[in-house]
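As a plain string of letters, each chain reads:
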Amino acid sequence: EAQVTQNPRYLITVTGKKLTVTCSQNMNHEYMSWYRQDPGLGLRQIYYSMNVEVTDKGDVPEGYKVSRKEKRNFPLILESPSPNQTSLYFCASSLWSTSGAEAFFGQGTRLTVV
Amino acid sequence: AQSVTQLDSQVPVFEEAPVELRCNYSSSVSVYLFWYVQYPNQGLQLLLKYLSGSTLVESINGFEAEFNKSQTSFHLRKPSVHISDTAEYFCAVRGSGNTGKLIFGQGTTLQVKP
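Line by line, the protein sequences give chains G and E.
All residue numbers for the first sequence refer to this note's numbering, where the first residue is 1 and numbers rise by one.
All residue numbers for the second sequence refer to this note's numbering, where the first residue is 1001 and numbers rise by one.
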């Protein structure tokens, strides 16, 4: 089954404690990205990757890092989480970055930073 | 800059009634438009998309959307809703350039009442 898998689904952490949210896709997609979803704001892109070892900032990259060492994996790293990073996070992948390629989304990770 | 505006944050409707979820976008270039649906505690799923050609696009579960270039709109409609249609709906446009970014509206919560 074609899917994007995120882990964990739920996470509560304390300010400043480094964490990683994993994302893996099994569709051999080149393009992957991370979004955060906040009430009234929709989804906003954090980082994206065109291919292995190629990553770039989205609209709200502050406080986040990513890496793309393998095509299938695109982890999101919060080096020093803060309460304003409490949000619902989605990983997405698509075959291409342009045109009408459908984006496939993971189930989401609900992060709470206290 | 491109943007997407969903005009209603919540739309309550009775079962079997028709519904329209409104979406307006701003873009000076050709656009690719999408509607995604998010059921409770799940990720986003593609409902339908407009790439080119016929301005009326349909989904397999009875939803349709019409691309109106002059009004820069992409409203979503269904002639008769079911309880199972209760979800949050997001309108999105693929950003210009090659960042692959999806620009989302704020989301509309469709509440179908028995």
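Don't take every hint at face value.
Covered stretches of chain G (in silico footprint by chain E; criterion: 3 or more residues with CB under 8 Å from a CB of chain E, positions within the stretch not fixed) [unchecked claim]:
id : stretch
1  : 12-20
2  : 63-69
3  : 74-81
Which chain G residues stay away from chain E? Per the calculated CB distances, all over 12 Å, these [what the hints assert, rightly or not]:
id : residue
4  : Val4
5  : Gln37
6  : Glu53
7  : Thr86
8  : Val113
No lab work stands behind these hints, which were simulated from the structure alone.
Positions of the beta carbon are idealized from the N, C-alpha and C atoms, including for glycine.
The hints, checked one at a time:
no.	hint	verdict
1	12-20	violated (count 0)
2	63-69	violated (count 0)
3	74-81	violated (count 0)
4	Val4	7 Å, violated
5	Gln37	8 Å, violated
6	Glu53	16 Å, holds
7	Thr86	17 Å, holds
8	Val113	20 Å, holds
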